[in-house]
Structures are given as structure tokens and as C-alpha cells.
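My numbering applies: residue 1 is where the sequence shown begins, and numbers increase by one.
With a straight-line cut-off of 35 Å between C-alpha atoms, the simulated DSBU-like cross-links for lysine-lysine are:
id, residue 1, residue 2
1, K68, K46
2, K121, K68
3, K60, K46
4, K60, K119
It is worth saying that the hints were derived from the structure and are not from the lab.
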Amino acid sequence: AVYDDGLCVETWSALIARSSQENLVQEILRGLRSIFIDVQIPRPTKVFTQIWSGAWHFQKASSIVSNKQIISWALYPLQRFTKHQFTLVGEAFHLDRAGWTEAAIKSSLISLRSQFDLKFKCYENDVPSGGRFCSLDFV
1 AVYDDGLCVE TWSALIARSS QENLVQEILR GLRSIFIDVQ IPRPTKVFTQ IWSGAWHFQK
61 ASSIVSNKQI ISWALYPLQR FTKHQFTLVG EAFHLDRAGW TEAAIKSSLI SLRSQFDLKF
121 KCYENDVPSG GRFCSLDFV
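Take the sequences, apply the hints, and build the full model.
Structure representation (C-alpha cells):
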């Protein structure tokens, strides 16, 4: 998933509009490889694209499902898949007063910790989570 706005949307829109996805795939790989320099990043087997010009969502008022329950459910939403096969990430699955990009990143860290036991440092003074965010706290 790519979360962006402004000029970045124009760039991604132009790549998506091309008749071939090759330039889009190359840009995705370039970005991932610049962040994860010690990891072999394979080509994606399939790329789905969607530009949302405006979107938002809220949890239903008086919901009996807690944000932490939503986070836990998103780690293993479909019982027919094993642990490493399927998980959900994005701002919709981490609602603790976080902004769209921040929540998407946090849900990704929680998923990577849960699915592949990747270790991440804990963040102190994290206002949206009430002081401390640690992916291990959600697994």
C-alpha cells in the first residue's frame, strides 16, 4: 500500500495510467530496496492499484469491539489461511487515535512482528497510543 498526497499522487497516477506496469513495479522495488537494504526484495506476482481521491472511516459509536480486538482480528482474519499466509494492514486496522499514515505503519509493524517474529524497537512518547507504542504489546 502507498499512502500519499499532493505531488506523489500525480506521480503514482501517471505510473498507473501507463499501458504496462513495468515502470510502476520498478518504482515500487526501488522504494522498498532503498529502505530494506539488507533484504532481497522479489518482484511482486500481482499488482493492484486504486487511487482514492477522498476516503475516511470511523468505528461505529458505542461499538462493543475494542480497537485492540480489531488489531488482533486483523492479524488472523480468515481461519482457512495459516499464520504466514494472510494478514490485514492499514489505518482501518489500527484505530487508536492515529493518523492515516501512522496507523498504517503501526499495523504493518504489528503484522510483521506477529507473522514473522521481526523485532522492532518500542517508541516512547507516542501521543496517539497514550505514551508508548510497542508492536510486541499487540501480539
